[in-house]
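Enquirer: The two chains are supplied separately, each in an independent frame; assemble them into the complex guided by the hints.
Protein chains in written order, with this note's numbering: chain A, 1 to 289; chain B, 1 to 316.
Please note: incorrect hints may appear among the correct ones.
Derived CB-CB ranges, DEER-like [stated by the list, open to error]:
1) B/Pro-153 with A/Val-26: 29 to 35 Å
2) A/Asp-233 with B/Ala-44: 29 to 35 Å
3) B/Ala-88 with A/Gln-145: 24 to 30 Å
4) A/Ile-77 with B/Asp-177: 34 to 40 Å
DSS-like cross-link-like pairs, simulated, lysine-lysine; straight-line CA separation at most 27 Å [what the hints assert, rightly or not]:
5) A/Lys-22 with A/Lys-9
6) B/Lys-234 with A/Lys-22
7) B/Lys-234 with A/Lys-277
8) A/Lys-22 with A/Lys-277
9) A/Lys-117 with B/Lys-30
10) B/Lys-23 with A/Lys-117
11) A/Lys-277 with A/Lys-9
Because the hints were derived from the structure by calculation, they are not lab data. What you are looking at is a predicted structure, and each value in this text was computed from that prediction instead of being measured. All C-beta atoms in this analysis are idealised placements derived from N, C-alpha and C, irrespective of residue type, glycine included.
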Amino acid sequence: MTLIDRLFKDAPLATRREITPKLGFVLTVLLALVWLIPFLWMGVATLRPASDGINLMAELMPSLKPTLDNIRDAWEIGDFPRYTLNTTIICTGILLVQFVTITLAGFAFARLAFAGKTLIFYLFLMQLMLVPVLLIVPNLSLIAQLGLYDTLTGVMMPFFASAFGTFLMRQAFEAIPTELEDAALIDGAGLFQRIRHIYVPLSMPSFSAFAIISVTSHWNDFLWPLMVINSPDKRPLTVGLSVFTKTAEGTQAWGTIAAGTLMVIAPLLITFLIFQKRFISSFVTSGIK
Amino acid sequence: MSLAEPAALPVAASAAPRLHVLKRFTSSFKVSLPAYLLLLPSLAFLALFTYGAMGRVFVDALYQRATPKAPVRFVGLDNVSAVLADPAFTGAVVNNLIYAVGTAIPSIGLALLFALALSRTNAVTSALRAALFLPVLIPMVAASALFLFIFLPNVGLLDYYIGRMLPVLPNWLGDPDIALTAIMVITIWKNAGYYMLFFLAGLQAVPEDVMEAAHLDGAGPFQRLRYIILPELKPTFLFVTVIATLNAVTQVDHVFVLTQGGPSNSTNLVLFYIYQQAVEHYDVGKASAATLLTLAALMGLTALSFRTLANREGGP
Numbered sequence: 001m002t003l004i005d006r007l008f009k010d011a012p013l014a015t016r017r018e019i020t021p022k023l024g025f026v027l028t029v030l031l032a033l034v035w036l037i038p039f040l041w042m043g044v045a046t047l048r049p050a051s052d053g054i055n056l057m058a059e060l061m062p063s064l065k066p067t068l069d070n071i072r073d074a075w076e077i078g079d080f081p082r083y084t085l086n087t088t089i090i091c092t093g094i095l096l097v098q099f100v101t102i103t104l105a106g107f108a109f110a111r112l113a114f115a116g117k118t119l120i121f122y123l124f125l126m127q128l129m130l131v132p133v134l135l136i137v138p139n140l141s142l143i144a145q146l147g148l149y150d151t152l153t154g155v156m157m158p159f160f161a162s163a164f165g166t167f168l169m170r171q172a173f174e175a176i177p178t179e180l181e182d183a184a185l186i187d188g189a190g191l192f193q194r195i196r197h198i199y200v201p202l203s204m205p206s207f208s209a210f211a212i213i214s215v216t217s218h219w220n221d222f223l224w225p226l227m228v229i230n231s232p233d234k235r236p237l238t239v240g241l242s243v244f245t246k247t248a249e250g251t252q253a254w255g256t257i258a259a260g261t262l263m264v265i266a267p268l269l270i271t272f273l274i275f276q277k278r279f280i281s282s283f284v285t286s287g288i289k
Numbered sequence: 001m002s003l004a005e006p007a008a009l010p011v012a013a014s015a016a017p018r019l020h021v022l023k024r025f026t027s028s029f030k031v032s033l034p035a036y037l038l039l040l041p042s043l044a045f046l047a048l049f050t051y052g053a054m055g056r057v058f059v060d061a062l063y064q065r066a067t068p069k070a071p072v073r074f075v076g077l078d079n080v081s082a083v084l085a086d087p088a089f090t091g092a093v094v095n096n097l098i099y100a101v102g103t104a105i106p107s108i109g110l111a112l113l114f115a116l117a118l119s120r121t122n123a124v125t126s127a128l129r130a131a132l133f134l135p136v137l138i139p140m141v142a143a144s145a146l147f148l149f150i151f152l153p154n155v156g157l158l159d160y161y162i163g164r165m166l167p168v169l170p171n172w173l174g175d176p177d178i179a180l181t182a183i184m185v186i187t188i189w190k191n192a193g194y195y196m197l198f199f200l201a202g203l204q205a206v207p208e209d210v211m212e213a214a215h216l217d218g219a220g221p222f223q224r225l226r227y228i229i230l231p232e233l234k235p236t237f238l239f240v241t242v243i244a245t246l247n248a249v250t251q252v253d254h255v256f257v258l259t260q261g262g263p264s265n266s267t268n269l270v271l272f273y274i275y276q277q278a279v280e281h282y283d284v285g286k287a288s289a290a291t292l293l294t295l296a297a298l299m300g301l302t303a304l305s306f307r308t309l310a311n312r313e314g315g316p
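Bound-form chain B, shown alone (with noise of 0.2 Å):
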């Protein structure tokens, strides 16, 4: 008996527990299940469009076929060299390195003069803000159509109205060197409007007497923009230089409707290659891997900005 005793304690003080995290499994679980079920219909289009993408896009990089007809083979990271050796994908890299920097930066500087110059409200400034706001709304497909015609060689508008004063005519969207500058510019229209929503928000958080107290101090327009409203506005850059990256890596409409990549590949950007290699050259293999190296690039970026977008969407 007193053998058996301390012997027994141990059982007993395992056991109990073990039925008591069951227990609270299974009660916690009975909680939580009207959630469950209110947030199915949405966890299970996310599972297959996003997450179940995000896992078919793993295992086909890791597949190839010899022809489009052929079965799938596994060929491990092949696919994932064979895109890295490309010459096409790693221009398209550079090309889009370019394309981010040189959208974003205009366009972010755009958006923060704008903010500026029309952050009271009026009608004269209500009417600039929209006219700004007008190619956010449009279609970059129509956007495209519209700008065919301004770059168009000759007779188009920038041609038929600045082009005269040049002693050369350059062929916008022809000519290697400069069709991508000309991207971009399509680019930083239509989303300059659309970054200065996001300032103008951010600009009523400065507040006023503290302006007013720094000008009574002796402070200019560029000190004031400098030593209060550019920390003020800190969280908005963060916020919209990642819109802007992820614009720079999607926003690829203009590229398909105008240049096709073109003019020798100098148009070229990451997603287009991925349409490319989809639907034109039939190769999935090449396609998913382009889309990881993509995704992972993108991932690593956005980790940054985690926090910030958890915090803007209200906290777990």
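Excised from the complex, chain A in its bound form (with noise of 0.2 Å):
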């Protein structure tokens, strides 16, 4: 009980010998352990021998001989860094548009009077709604009308616009002082170089947030790409370690999957822990993505 205590020390003085609250904070402790077991086993699963046999592939205590021919293996039979090239590619091209029509939209929100906007601020609050994952039948028409059917364009493509975004600018851009404009007004400066050199440098945190969960949700996306793309070396890393995972699972290559899986999860798993507060305040501002 000392450790619990101590873990306690800073709770109001009358409540601190309630022994709710610590009954409540050991089970989640508990359930934080079981949260991580599949995390465990993708780690102990990825070094174990395949001589372990099949039987002791379930043994969450690491194997006395690790090795890594399962990375290799997976490295080999996936075609994971052409998997990760796409992905990269269609994450950053996403979110490189979206930088510029959020950036645009949200300082017309934030400092611009115009006739129609409350319409048009419900027109972009529909999309929160209107999850793009809903309208994979009537955009992969259109996508494949444009001709970019098995392109990384036409992955890219619906989520070029983003009400999100275009809020959360907007709030940046609305806790800008205004002085600061009008003085680069006087000095003669374009509505764009005032965006450019006053307004963007001063939101780089919320263009960081932003990122995060652009990023990271693009990163996880899977039905559309599948739809999108045909080609084998144009797949995404999600749509390349489902593929992957029905031809391993045949051979029963349970050390392959991990550790396929753990190249898939690595990168994003390493940036969160570099910036893991960054991340959790981001995804507290997204709510809908």
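Expert: What follows is the structure, encoded as structure tokens:
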């Protein structure tokens, strides 16, 4: 109990001796351990030599003779470098276009008065509800009509406008004092110059928050790229991993599946562990992506 | 003269405002033009992929092809009635309702527990928060690849450690009575940490001194939860419920990887049904009709939270 007492030492004095909060805390610790088991298994199974046999595959105690064979196999069987490149291109492409669209639209909402502002606000808001993934059928036929079927551009295009990003930038821009802009106006700076040199540099935290949400959600997209992409060499990581899993499942190569999964999620996990605070606060602002 | 004058008056009076309205319209358009130009890129993409897409769903749902190569013909509401009469669709709707309730309630309940237990910030709670948040980050496909082995009969993780205690080893993903529950477990594991963040943020709004005062008045932990914390968290609950419902409709990647809607359609969800109709049966008419019905249901639900959402995003 002393360890728990230490954790509760900043609780209000009056409540410090209650038992229920401590039980809740212990339960949460146990559940957090359960939550980590799939990751633990992934790590252990990745390093387990195939000679341990299928019956020891579920063992969570690490093997005494760890091997990198599984990682090598996954790297060779699945075309992971290519998949990673494709996913990187998709995420970067979406993000760059989004930066432009959300900055311009966010500025219009934050600083300009215009006719129909309420109507346009609600038009944007509607996108938050009409999650793009629901509209896969009509969007696929449009992508095909535009001649973008089986291209990475086709995967990216439906996400170029972002209501969430627009509202995020609007909020950031509204917080910037107008005096700064007035000074620039006196110096004769045009609209784009003011956005470029005053608003954008002062809103970097919001841009990075948006980048985190955008990249993680598109890194994880599956159904849409699955529908748009046909050629194996244009698959993103998620589609590649699902194909890879199907193949390896047939041969019961669980160590290889674990290694492949590890490769897909490692970039996200490492980035998260470095920028943990920033990730968490970005996700709090996101809500609906 | 005296006759003409009264007649001229109304003309003048009516002409001037019309001119005025027109002028006001053009001048307000002129003032608004820079804003419109800034909004244009976003609105163009929204028009193509959100509003246009909705329009196309409406139109496509009214047409049908006899064979994939045949020309389309107008069939009115036939697609909608065909979808409603399709046991696979109604089954998917029922599954999706079970899935929505069965994932939303446990994951929101767990999220609240986690947030209450980890509301204070120190090294230990930060580590625990990170552990619970990890599943949120990874792709659903990667989660599915891990759970594929966890649920594997006989040698899988679950059977290796827990299944041995059961009289009969269940086939987690292969038994139509259990498969949907197994799918729900993955969703709960993946989303609880996400909803926890919103409750953590919401708990910041609960004043510490009120809690302490309530305790001095003899309120136990559960009374404080019931009468102080939960009322304060009401907006958070509403918001998280909307997200959980949207997720229940849109998160189907694990169904695709693990069960393909099977065994015997027991894990078929609406979005997967739509995907099947469009991609596997090339039936765009039926897929669009199903999309339309889903959109209508979701719109009805989100209309309730439209105001909350509008306020959250700063109002018009």
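Enquirer: Sort out which numbered hints this structure fails and list those numbers smallest first.
Expert: none
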